[in-house]
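Build out the structure end to end from the sequences listed, making use of the hints.
The listed protein sequences derive, respectively, from chains A, B, C, D, E, F and G.
Numbering that gives the first Met the number 0 applies: residue 0 is where the first sequence begins, and numbers increase by one.
Numbering that gives the first Met the number 0 applies: residue 0 is where the second sequence begins, and numbers increase by one.
Numbering that gives the first Met the number 0 applies: residue 0 is where the third sequence begins, and numbers increase by one.
Numbering that gives the first Met the number 0 applies: residue 0 is where the fourth sequence begins, and numbers increase by one.
Numbering that gives the first Met the number 0 applies: residue 0 is where the fifth sequence begins, and numbers increase by one.
Numbering that gives the first Met the number 0 applies: residue 0 is where the sixth sequence begins, and numbers increase by one.
Numbering that gives the first Met the number 0 applies: residue 0 is where the seventh sequence begins, and numbers increase by one.
Everything labelled a hint here was simulated from the structure, so no lab data went into it.
Hints are not guaranteed to be accurate.
[What the hints assert, rightly or not] Estimated spans, in silico, between C-beta atoms of each pair:
no., chain 1, residue 1, chain 2, residue 2, range
1, A, 261, E, 210, 34 to 42 Å
2, A, 233, B, 191, 19 to 27 Å
3, D, 158, F, 48, 36 to 44 Å
4, C, 241, E, 226, 42 to 50 Å
5, D, 43, F, 206, 41 to 49 Å
6, A, 261, E, 213, 38 to 46 Å
7, D, 47, G, 233, 35 to 43 Å
8, B, 185, A, 261, 42 to 50 Å
9, G, 216, F, 48, 32 to 40 Å
10, F, 241, E, 241, 34 to 42 Å
11, C, 28, E, 35, 37 to 45 Å
12, B, 185, E, 228, 28 to 36 Å
13, F, 230, E, 226, 53 to 61 Å
Computed from a predicted model, the values in this text were never measured in an experiment.
For glycine and all other residues, C-beta sits at the position ideal for the given N, C-alpha and C.
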Amino acid sequence: MIHTLESAARDLFLSGAARTVAGRIIGIVGFFILTRIAIRIGVRTVHRLLNSPAVKMDERRRGTLTSLLDNVVRYTLYFIYFLIFLELCNFHVQTLLAGAGLAGLVVGLGAQSLIKDVLTGLFILFEDQYGVGDYVKINNFTGTVDSIGLRVTRIRAWTGEIEIIPNGKIQQVTNYSRNNSLAVVDVGVRSDADLQQAMAVMESVMRDVASESEDVVGPVQVLGVQAITQTEVTLRATAECRPMNQFGVERLCRLRIKEAFDRAGIPLASSQREI
Amino acid sequence: MIHTLESAARDLFLSGAARTVAGRIIGIVGFFILTRIAIRIGVRTVHRLLNSPAVKMDERRRGTLTSLLDNVVRYTLYFIYFLIFLELCNFHVQTLLAGAGLAGLVVGLGAQSLIKDVLTGLFILFEDQYGVGDYVKINNFTGTVDSIGLRVTRIRAWTGEIEIIPNGKIQQVTNYSRNNSLAVVDVGVRSDADLQQAMAVMESVMRDVASESEDVVGPVQVLGVQAITQTEVTLRATAECRPMNQFGVERLCRLRIKEAFDRAGIPLASSQREI
Amino acid sequence: MIHTLESAARDLFLSGAARTVAGRIIGIVGFFILTRIAIRIGVRTVHRLLNSPAVKMDERRRGTLTSLLDNVVRYTLYFIYFLIFLELCNFHVQTLLAGAGLAGLVVGLGAQSLIKDVLTGLFILFEDQYGVGDYVKINNFTGTVDSIGLRVTRIRAWTGEIEIIPNGKIQQVTNYSRNNSLAVVDVGVRSDADLQQAMAVMESVMRDVASESEDVVGPVQVLGVQAITQTEVTLRATAECRPMNQFGVERLCRLRIKEAFDRAGIPLASSQREI
Amino acid sequence: MIHTLESAARDLFLSGAARTVAGRIIGIVGFFILTRIAIRIGVRTVHRLLNSPAVKMDERRRGTLTSLLDNVVRYTLYFIYFLIFLELCNFHVQTLLAGAGLAGLVVGLGAQSLIKDVLTGLFILFEDQYGVGDYVKINNFTGTVDSIGLRVTRIRAWTGEIEIIPNGKIQQVTNYSRNNSLAVVDVGVRSDADLQQAMAVMESVMRDVASESEDVVGPVQVLGVQAITQTEVTLRATAECRPMNQFGVERLCRLRIKEAFDRAGIPLASSQREI
Amino acid sequence: MIHTLESAARDLFLSGAARTVAGRIIGIVGFFILTRIAIRIGVRTVHRLLNSPAVKMDERRRGTLTSLLDNVVRYTLYFIYFLIFLELCNFHVQTLLAGAGLAGLVVGLGAQSLIKDVLTGLFILFEDQYGVGDYVKINNFTGTVDSIGLRVTRIRAWTGEIEIIPNGKIQQVTNYSRNNSLAVVDVGVRSDADLQQAMAVMESVMRDVASESEDVVGPVQVLGVQAITQTEVTLRATAECRPMNQFGVERLCRLRIKEAFDRAGIPLASSQREI
Amino acid sequence: MIHTLESAARDLFLSGAARTVAGRIIGIVGFFILTRIAIRIGVRTVHRLLNSPAVKMDERRRGTLTSLLDNVVRYTLYFIYFLIFLELCNFHVQTLLAGAGLAGLVVGLGAQSLIKDVLTGLFILFEDQYGVGDYVKINNFTGTVDSIGLRVTRIRAWTGEIEIIPNGKIQQVTNYSRNNSLAVVDVGVRSDADLQQAMAVMESVMRDVASESEDVVGPVQVLGVQAITQTEVTLRATAECRPMNQFGVERLCRLRIKEAFDRAGIPLASSQREI
Amino acid sequence: MIHTLESAARDLFLSGAARTVAGRIIGIVGFFILTRIAIRIGVRTVHRLLNSPAVKMDERRRGTLTSLLDNVVRYTLYFIYFLIFLELCNFHVQTLLAGAGLAGLVVGLGAQSLIKDVLTGLFILFEDQYGVGDYVKINNFTGTVDSIGLRVTRIRAWTGEIEIIPNGKIQQVTNYSRNNSLAVVDVGVRSDADLQQAMAVMESVMRDVASESEDVVGPVQVLGVQAITQTEVTLRATAECRPMNQFGVERLCRLRIKEAFDRAGIPLASSQREI
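Dropping the structure here:
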């Protein structure tokens, strides 16, 4: 299909009209418009195909594939346009960059990081490292995957900004959406608090939260004395939550524990000391 | 067009006059002046074309294209001038750098980062990573995109300075102008504050701000107890705002919450403690 | 076997049908489906073989091998599919990348990090650096090894997220599952505490914990005064535990020591000072 | 011109005298003196030409061009001297470095960073990233550009020291002299201060400063509550100033606001607390 | 010997049976089993040889050599197995990677870090940088050397975990087991302490510890006032100890000095201040 | 001259005596002694020439040239010695490193950083980045330039140690000896101080110091309120001093301002607060 | 000599016995023993020669040369042994690594850092950057140079551990043993102290120390007010000491100044404040 399209384009634009400068410019502009139309049609076809009920896929994979194929269609057509464009302009550049070795060197240098981006992108998809909609951390940036392209991945932070990372620059991927997440609640009590009582209160609060909140799907646990620092004794409790719902659970637990401690008279490290 | 221009220049300057040293110098200077004029004409044509009402484009894309085409016209003419200049001077350099391999190596080394800059620049445009006027963060520098060139991107910080970054040095792009931004307001209250009351006051203040300010376009939320540190209990609220208007909203919320807390007698962590 | 499979595929798809564009597309799609089926069959065979009672292996090695062979089967079939795909499409790409040297350069550049990943992966397995289920620290990320592939290692943190690290990016491996772990308990007492008494109390608490907890498998030791800082005197005790159970033991020790110190009137550094 | 000069030099020094060692040394020394004289004449000519009233240029561009052409003249003559010197000495070095490949490699390695420096320098000039006299920040060093050479840029810090940076080592350029600068004044007040009153006082002070100081060229603004920390409430005001005059304006504003707050009884965060 | 083994294997597996796919698979599996047996025999022989009383070596060198030869035997047999395996499979790979240059490139890229690891490993052994059992610090990781292989070094931390470092990644080695170690005891006293008395008490305590503990093998010294900070005056004493026993000596000294200072009424910086 | 010397050496040592091993060893040793004598004579000649009253140079340039020519003489003779040495030994090395390509690669790799060092050194001298005796900062090390060699620069810190930096490792040079230095005196006063009075006192003190000290050569200035922090209000004054004398001036100013503030009753931030 | 030794070895071991595998093994082991004996003899000869009274050298240079020649003898013999070893084993490796280009690549890659180490080591010696016994700082590690080898430098820290640094990894060298060291004593006094009196007391103490201690060889100086921070006024004094004796002098000065200040009633910043 690609071949046919390109041949037609070449026959059309390079045969007669291309002999004059004006003809070439018209050709370039014309083909530019044709390319844009082709891109739109291609992209729409991809969307329609993938979102038709005939294709059985879960939502996450459908999003990933749509964003990828969009990309493939776009870049393929850009590439063809670029080749036609080069041929239409190609009356002087070649004589400048005559040496094939030099041209090869130049292309190689330029293409190097591009190839690395695309290859890493393919591996991300084949190995299913993350899909559109996953909550991930890539190179110190955390957010929801917006789209996975052949060359770049876009992530949307919870505060709204879009981060664009070339795939080849990705060093480590942390995917938060694969397993249940663990809510970890650390509470610092004063050194004169009764630890056994505090842990008992914590456990009962955690159980209440677990029975009440739908986000908690696993067991809750009061792990015990996490640290004894110079100013406080830190107690830790955990609860298994649905992926990425641990932040809300942690906030709820903190509120409830604070209130329960106040009721039970267990002094928080931040509570007013009597001097 | 480029071809014609260059041929004419070459015929004019290299045929007769170029045989004497003086003639060459005149040629170089003359062609330098011609180049400057050509650049002005080219740049004006680009501006007129893109800003004519016939071209239907949104403002952002128009700015980006204008700044880019400016660049393309400039560099193409610089390049032609450089070639003519080399040919006019070219009576001794060649014998020095006789070995083609060495010359290729030298050119390749020099051109390497240049090509990388241009390629990255093209991808920024094709992938629409950011446009002129977007508020972005590139390599730890934050500001409004001033212009996108083939080789460098210029960013204007809110305090006025211009940052110039070669495109090939861009590692990660954060674009704040694509989605609504989230205003995040953290307020630390004293450990003896009534958290339920504090959260209720916060929520009512946030609602007031949302109904009052046009910058708030989405729902407001009081998330809850973000952290319990040794000196305070941190409460967090959020509000969805129009892109890049969150800073003003956050400032307004802080002012209102402070005043509402003072009225309601909820002690801030920074409030005077009675000892 | 691979040879046979590929020959058959090639005979089938490239002979007749491949002469038309439509035929090629059908061939690509058809072979894509065949590849998926082949992968499923291959993966299942691997699982059945390795998990059959006839194969005598400890659980850890069985998990590692299963995850590895899965990978080998998958990538081999992907590779064959890719070759067939290239041959089916291969009517224009070749003329573009005509120069073999350039193609070699491009392939070499792309394949470089891939080969490094696979080689490092093989060494991890041959040298038994870690297996599936080990608790490891790789490049500042700590967790349980989820799977070891030819190209990437997946680690599951204790809070649930999955970290994906290309094998070639692994710099140093710390394996916590090979030896017994040492629980280290540092407790800071006030400067006016009786150190001999405090160390005696600590020792008796540590012995109680050791006799009580099954996780403590080696001797307990009170090492002595670890540091004298401006605000406290730090005492240190250790206990040898079963691998990765030291955290629970440390928590238990901290709780018991705190309670024993309170009973014995030994002031902790965090205890309320009388002014 | 260069050619003529070099040919004459070569004829003179290499023909007869160069046959003896003494003659060569005399030749080297003599040509060394000639080179120095030529440099002086060249540099003076450049200065006279560029500073003649006939050349219409603004001061900044004139400084930049003078410093650059100085450089070009110097290095060209150094280079010619070096070639003559090599030919005069060249009776043994060549036999040592016989292999042309090795020599090419060595030259390439040595010339690599030199070429990168010069190319980056040219782009700095072509793209007008900064000129002589601009206040810039390059690689964590801030100051006024003293000179832009082909190879290095010299910057003078406000405390007087000269920083010398090879152009090829320049990563990011921040130019403070292109736009108006924004004076940003942050003042921390105590938690018990009346914020509305404080902001009103600030605004009136800022207006006074703006009407009084010639350095303020744009509107002043009291942005509001920038942050609520554990010890203070930070208020922020801004004023648009002429480039690089914001530091003086900020100092003036701080003094005036401090005095106005003292008069109005608004407590600064640093004010003595009554206990 | 290696040659004989491999020839036999090749004759056996490649002659007749290898003509069929099934025969090849049997050959691969069979040779895999043979390789495992050969490794076991080789490793046992190495152990028996090196640990026989006939070989006169100190314990440290014996451990190092055993761990090394183990490695050499293993990798040599793995390598032979890999070659046989390639020959048995080698009916399609070759046609894919036809270009010898490309294959060389790929092998070179892959082998690069492997060769660096082995070379560095050899230098570690030849230069006796560390042996099995030494307490070392390599790249920010401290512990006892567990084994030195051709490719990796394994270190066991005092808390039990195993660190695996490729030899080629080793930057700097710090060996604590070569010389006596110096116990350094810093004690901070209050500003109103009598320094001469404090130093005298310290000296007498250090002498007692030295005469009492077998770990102290060199002279003890009270160096004097190490620092005067805003909160304390730091005194320093040292004692030469047997390698790696300084930690215990330091703890003992701290305990004794604390007790002696309490007896003598010299106030520690951490002691309760009377206000 | 070099040629003659080397030819004589070669004739002498390689003709007859070199045929036996003993003769070669004698030759190597003998030539070693000759080289040392030649170096001494060469170095002395350089010193005498450059320090003779006939040569008109300022002291700084004389020091730089002496240290450089020393170096050139030394390395040239080392190099000749090395070549002779190689020829005398050269009966086996060549057969080992038979392949010229490999030898070239090895030499190139080894010579790479050496060439970079020498080239950077030449540019430091040509561009007069610093001379012997200048006070500079190179790569985070500050001190007086002790000597500039072809390969390394030596710097003497004010506390006496010598820092040796290969020229090729120099990233940025800060030269403090080119311009007058600016003494910057920051003094923090308490929030309740009268700022106008404090600034007036500061100004009068600065004027006194300027009229009294010969090191102050430019105007003194009280810039104003540099910062308002939570604990103090910082005032800044400056004075232009002779290069590198600003430290003494700053110390003097601090002493005088402290005394003047005490006399005038202006409270320093560090002054005792009455509670 | 080397040639003779190797020829003999080759004649002996490769002629007859080497035809059988057993003979080869015997040859390898036998030559291994011979090599060890040769190393011992060579090393002893070097020591005897360099330490004989006939050789006139200062102690430092003698130590450096002994440690270097030891190294040269050792590595030369290792290298010869390695070559013989290769020839004895060399019946299969060659056929594997048939391509000379690949072998060259592999050797070059492996040898690269080795050559860099040796070249840097030679420059350290030629340029006399440091010698055995010097107190130096190399790459953040400080200590006394223990030995300088062709490939690595060993440093002994003052606490006893040995640091081993490959010469090629050395970035910057700081040598403390070349010049006198400067003892720098900073003392912080309270804001209400009489600075003139404090400086006078300091000066008299410094003079006493200088007249009393043999380590002080240059003038003492009280520089003045180094800094005025929020909590103290820092005074600085210096004394020129013999190399590396400044630490003892500093400690003595601190002790004496503390005592003198206590006698004179000058309050240290760390002294108890009366509230």
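Structure-based check of each hint:
1. A:261 / E:210: 34 to 42 Å: violated, 58 Å
2. A:233 / B:191: 19 to 27 Å: holds, 21 Å
3. D:158 / F:48: 36 to 44 Å: For residue 158 (chain D) and residue 48 (chain F) the Cβ distance comes to about 39 Å; the hint holds.
4. C:241 / E:226: 42 to 50 Å: With Cβ atoms ~44 Å apart, the hint holds.
5. D:43 / F:206: 41 to 49 Å: holds, 42 Å
6. A:261 / E:213: 38 to 46 Å: violated, 56 Å
7. D:47 / G:233: 35 to 43 Å: violated, 54 Å
8. B:185 / A:261: 42 to 50 Å: For residue 261 (chain A) against residue 185 (chain B), whose Cβ atoms are near 22 Å apart, the range 42 to 50 Å is violated.
9. G:216 / F:48: 32 to 40 Å: Distance hint for residue 216 (chain G), residue 48 (chain F) holds at roughly 35 Å.
10. F:241 / E:241: 34 to 42 Å: violated, 57 Å
11. C:28 / E:35: 37 to 45 Å: holds, 44 Å
12. B:185 / E:228: 28 to 36 Å: For residue 185 (chain B) and residue 228 (chain E) the Cβ distance comes to about 35 Å; the hint holds.
13. F:230 / E:226: 53 to 61 Å: Between residue 230 (chain F) and residue 226 (chain E), where Cβ atoms are some 24 Å apart, the hint is violated.
Checked against the numbered hints given earlier, this structure breaks hints 1, 6, 7, 8, 10, 13; the rest are met.
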